[in-house]
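Asker: So the chains spell out like this:
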Amino acid sequence: MFERLQTIDRRIIYLLLILVIALALLKPIGLPVKVGDNTKAMFNAIDALPPGSVLWIGMDLGVSTKAEQYPMVTALLNHAFQKNLKVVAFAMWTQGGQIFQQLVTPVAKKYNKQEGVDYLNIGYKPGNEMALRAMVSDINTGAAGVDQNGKPLSSSPLGQQVKKLTAEYVNFIVDVAAGDPGTTAYLQYVSTPEKIPMAPAVVNVSVPSEMPYVQSGQYKGMMGGLRGAAEYEILAKAPGAAAAGMDSQSLGAALIVLFIIFGNIGYLASRSKK
Amino acid sequence: MRKELPMIVTVVSGLVVVFSRYFHYGMQLGLMDTLDKWYLVSSSFAILLGIVNMVKIHWGYIRRRKEGWWNSIVLLLCLFGYGALTIQQTVDGPQAAWIFNNVITPGDSTMFALIAFFISSAAYRAFRVRTKEATVLLLAAVIVLLGKAPIGDAMINGWGNVADWIMNVPNTGGFRAIIIGAAIGAFATGFRILLGLERAHLGGTGAK
Amino acid sequence: MGAKILDPANLTGAIITLAVLTFLIKDNPVFDLFQHGLTYHSYIRPTIVDDIIKKGHYSYIIPVILGLLVYFMFVPSLNWIARYPMSFWVGYGAGYILAFQPATLMPQIYNTFIKFYGAATVGKDINNILLFVAVVSALAYFFFTVRKQGTAVGYVAETGRWVIMIALGAAFGSTVLYRITLFVGRMQFLLGDWLGLLK
Numbered sequence: 346m347f348e349r350l351q352t353i354d355r356r357i358i359y360l361l362l363i364l365v366i367a368l369a370l371l372k373p374i375g376l377p378v379k380v381g382d383n384t385k386a387m388f389n390a391i392d393a394l395p396p397g398s399v400l401w402i403g404m405d406l407g408v409s410t411k412a413e414q415y416p417m418v419t420a421l422l423n424h425a426f427q428k429n430l431k432v433v434a435f436a437m438w439t440q441g442g443q444i445f446q447q448l449v450t451p452v453a454k455k456y457n458k459q460e461g462v463d464y465l466n467i468g469y470k471p472g473n474e475m476a477l478r479a480m481v482s483d484i485n486t487g488a489a490g491v492d493q494n495g496k497p498l499s500s501s502p503l504g505q506q507v508k509k510l511t512a513e514y515v516n517f518i519v520d521v522a523a524g525d526p527g528t529t530a531y532l533q534y535v536s537t538p539e540k541i542p543m544a545p546a547v548v549n550v551s552v553p554s555e556m557p558y559v560q561s562g563q564y565k566g567m568m569g570g571l572r573g574a575a576e577y578e579i580l581a582k583a584p585g586a587a588a589a590g591m592d593s594q595s596l597g598a599a600l601i602v603l604f605i606i607f608g609n610i611g612y613l614a615s616r617s618k619k
Numbered sequence: 048m049r050k051e052l053p054m055i056v057t058v059v060s061g062l063v064v065v066f067s068r069y070f071h072y073g074m075q076l077g078l079m080d081t082l083d084k085w086y087l088v089s090s091s092f093a094i095l096l097g098i099v100n101m102v103k104i105h106w107g108y109i110r111r112r113k114e115g116w117w118n119s120i121v122l123l124l125c126l127f128g129y130g131a132l133t134i135q136q137t138v139d140g141p142q143a144a145w146i147f148n149n150v151i152t153p154g155d156s157t158m159f160a161l162i163a164f165f166i167s168s169a170a171y172r173a174f175r176v177r178t179k180e181a182t183v184l185l186l187a188a189v190i191v192l193l194g195k196a197p198i199g200d201a202m203i204n205g206w207g208n209v210a211d212w213i214m215n216v217p218n219t220g221g222f223r224a225i226i227i228g229a230a231i232g233a234f235a236t237g238f239r240i241l242l243g244l245e246r247a248h249l250g251g252t253g254a255k
Numbered sequence: 008m009g010a011k012i013l014d015p016a017n018l019t020g021a022i023i024t025l026a027v028l029t030f031l032i033k034d035n036p037v038f039d040l041f042q043h044g045l046t047y048h049s050y051i052r053p054t055i056v057d058d059i060i061k062k063g064h065y066s067y068i069i070p071v072i073l074g075l076l077v078y079f080m081f082v083p084s085l086n087w088i089a090r091y092p093m094s095f096w097v098g099y100g101a102g103y104i105l106a107f108q109p110a111t112l113m114p115q116i117y118n119t120f121i122k123f124y125g126a127a128t129v130g131k132d133i134n135n136i137l138l139f140v141a142v143v144s145a146l147a148y149f150f151f152t153v154r155k156q157g158t159a160v161g162y163v164a165e166t167g168r169w170v171i172m173i174a175l176g177a178a179f180g181s182t183v184l185y186r187i188t189l190f191v192g193r194m195q196f197l198l199g200d201w202l203g204l205l206k
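Protein chains in written order, with my numbering: chain A, 346 to 619; chain B, 48 to 255; chain C, 8 to 206.
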């Protein structure tokens with residue numbers, strides 16, 4: 346009888362997954378989220394920046410990772426604007442500039458922040474790592490002198506202030522990355538040679554491979570996955586979409602583990618029968 | 048000379064970067080800044096390569112009436128239609144932004160979200176404790192999966208700490224070894240390219 | 008609730024989401040074009056109009072020509088010309104690796120050899136020792152040109168194999184969590200933004 350646990354129709358798994366996630370969204374349980382050391386380290390590093398410091402946000406993500414990374418950017422922007430930091434965004438991924446514009450507008454309105462003065466969206470520029478290196482010598486070289494929509498960088502106060510991607514003009518880098526090019530490019534071509542501290546905000550799948558750099562201190566902390574975004578929201582006292590998704594994520598994970606256990610019970614039962 | 052001259056271009060452009068980075072005189076000359084700009088400009092003008100290739104392939108499907116050829120017509124219409132739209136009104140223009148927010152965003156994100164189903168079905172079917180190695184892999188996966196979600200700590204106090212230990216020690220150790228190995232490999236390949244031993248990019252049979 | 012369901016933006020998004028959920032769209036042409044329109048505005052037009060024409064940086068014509076040479080790969084008799092821009096890009100990339108990678112790699116190596124005593128707690132000391140063992144044994148596993156059968160290297164490499172198993176298990180667990188989260192996001196859109204059922 347237990348052998349049949351190995352052959353459950355996959356449509357049952359799909360249906361249960363949808364039901365469990367939907368129910369958890371409609372009736373949240375409110376599982377407590379403990380703040381981890383890596384998120385705390387990143388938060389403290391940014392919190393220690395004096396007002397007026399420049400926070401460079403690498404928008405190396407696409408709409409496909411919206412669920413995990415949009416809350417990260419929003420939590421980060423809330424924290425940055427609370428601390429009166431200047432924010433400059435640059436994207437090596439084509440959709441990054443557009444996504445930043447979409448996310449910064451409501452947060453900037455909440456804190457009365459102005460584009461060009463308190464934040465600047467350089468947007469997407471082709472060239473990946475070479476664009477970063479070009480901006481180390483001169484922002485205008487890497488950005489062709491214009492922002493995401495073709496407006497001259499020199500026409501805004503923040504564009505005039507941040508002349509180069511060096512420690513003299515930029516105080517901290519956060520790279521919100523969904524893959525490559527992303528954190529490794531910033532670490533290798535900007536953070537290490539120019540000695541600008543940085544921290545990544547990456548999707549869950551990248552967390553294991555980024556851990557060595559956190560341990561070595563090359564990253565000053567890390568925001569990892571939706572859990573990292575939820576932890577950051579708690580620290581920044583800016584509750585958002587990340588916290589809302591944690592229960593569904595938990596129950597979905599538990600369901601998959603349950604099915605793995607069923608499958609193995611079935612496997613062990615059929616093996617002992619033989 | 049059709050392969051020798053391009054090889055000289057490869058070696059010279061690589062050596063300029065190395066010279067500019069490691070030698071004070073090289074930094075002063077500022078050659079790398081110039082080449083950075085050349086790289087950015089040249090690669091951005093090559094952006095149409097993808098379009099030309101795509102049009103070639105899909106035009107071939109339409110001409111030959113290959114199965115599903117009408118998908119290729121839709122693709123080419125969208126290719127030139129949306130391309131013209133973003134050139135005419137920039138990506139933040141009203142119609143372009145609407146298409147981005149209400150067609151691209153849900154379509155792209157749902158395609159990636161579909162994998163949740165495939166991965167859960169695959170995990171159920173394939174993850175069996177057949178060997179000791181498979182058991183260790185399964186245990187590590189389950190501990191991290193539940194430990195990184197709040198449910199782990201909710202079920203058993205301290206589950207999250209075990210998951211954190213796995214991430215901080217064995218995971219970091221394993222991935223550090225992979226990083227070091229990959230870095231040494233990339234370094235060796237870079238050396239081979241600058242020594243002219245790698246010729247795959249010249250359309251040859253590859254390494255010498 | 009009715010107004011939200013019929014809102015053109017939400018409705019289009021919901022139809023696309025549900026359509027993708029029922030069958031995979033094989034190509035995503037709209038995304039590709041987005042990239043080309045964006046590069047035109049954010050780089051090509053400013054380079055030609057502002058840099059070359061307005062500011063007179065005529066030296067940029069050389070990289071423009073270099074970039075355009077790559078299209079000769081579609082002309083069979085002249086495709087050797089496309090080797091020049093490719094050679095420049097490959098050589099430049101190789102130079103970058105040699106120039107910048109060592110500085111990033113070194114901290115990875117010397118942060119493996121941490122003091123095995125004197126940390127804040129005994130637990131941290133044990134973890135430092137275990138980390139060292141994990142890195143060295145996993146590296147030994149990747150020595151494929153050394154005889155391992157019955158040798159000391161072989162036993163160390165066997166330990167490394169287990170370390171990598173654990174690391175890959177952790178990676179798989181993280182991947183599953185990631186994919187679930189992406190689907191949770193789509194459900195939040197359908198139930199919240201479209202049907203208005205979430206608070």
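Note that these hints are calculated values from the structure, not bench results. C-beta: ideal position from N, C-alpha, C; glycine also. Any given hint might turn out to be false.
Here are the simulated lysine-lysine pairs, PhoX-like style, with alpha carbons at most 20 Å apart [stated by the list, open to error]:
{"no.": "1", "chain 1": "A", "residue 1": "Lys582", "chain 2": "A", "residue 2": "Lys540"}
{"no.": "2", "chain 1": "A", "residue 1": "Lys372", "chain 2": "C", "residue 2": "Lys131"}
{"no.": "3", "chain 1": "A", "residue 1": "Lys458", "chain 2": "A", "residue 2": "Lys428"}
{"no.": "4", "chain 1": "A", "residue 1": "Lys385", "chain 2": "C", "residue 2": "Lys131"}
{"no.": "5", "chain 1": "B", "residue 1": "Lys113", "chain 2": "B", "residue 2": "Lys103"}
{"no.": "6", "chain 1": "A", "residue 1": "Lys428", "chain 2": "A", "residue 2": "Lys455"}
So the derived label-pair ranges between C-beta atoms look like this [stated by the list, open to error]:
{"no.": "7", "chain 1": "C", "residue 1": "Tyr65", "chain 2": "A", "residue 2": "Glu460", "range": "30 to 38 Å"}
{"no.": "8", "chain 1": "B", "residue 1": "Arg111", "chain 2": "C", "residue 2": "Asn86", "range": "43 to 51 Å"}
{"no.": "9", "chain 1": "B", "residue 1": "Lys50", "chain 2": "A", "residue 2": "Arg616", "range": "57 to 65 Å"}
{"no.": "10", "chain 1": "B", "residue 1": "Ala173", "chain 2": "C", "residue 2": "Leu198", "range": "29 to 37 Å"}
{"no.": "11", "chain 1": "B", "residue 1": "Leu242", "chain 2": "C", "residue 2": "Leu25", "range": "54 to 62 Å"}
{"no.": "12", "chain 1": "B", "residue 1": "Arg177", "chain 2": "C", "residue 2": "Leu18", "range": "46 to 54 Å"}
{"no.": "13", "chain 1": "B", "residue 1": "Glu180", "chain 2": "A", "residue 2": "Lys540", "range": "39 to 47 Å"}
Asker: Next step is simple, just say for each hint if it's right about the structure.
Answerer: Here is what the structure says about each hint:
| no. | hint | in the structure |
| --- | --- | --- |
| 1 | Lys582(A) with Lys540(A) | 30 Å, violated |
| 2 | Lys372(A) with Lys131(C) | 41 Å, violated |
| 3 | Lys458(A) with Lys428(A) | 12 Å, holds |
| 4 | Lys385(A) with Lys131(C) | 19 Å, holds |
| 5 | Lys113(B) with Lys103(B) | 14 Å, holds |
| 6 | Lys428(A) with Lys455(A) | 14 Å, holds |
| 7 | Tyr65(C) with Glu460(A): 30 to 38 Å | 34 Å, holds |
| 8 | Arg111(B) with Asn86(C): 43 to 51 Å | 24 Å, violated |
| 9 | Lys50(B) with Arg616(A): 57 to 65 Å | 59 Å, holds |
| 10 | Ala173(B) with Leu198(C): 29 to 37 Å | 31 Å, holds |
| 11 | Leu242(B) with Leu25(C): 54 to 62 Å | 56 Å, holds |
| 12 | Arg177(B) with Leu18(C): 46 to 54 Å | 48 Å, holds |
| 13 | Glu180(B) with Lys540(A): 39 to 47 Å | 42 Å, holds |
In the structure shown, a violation is registered for the earlier hints numbered 1, 2 and 8, in ascending order.
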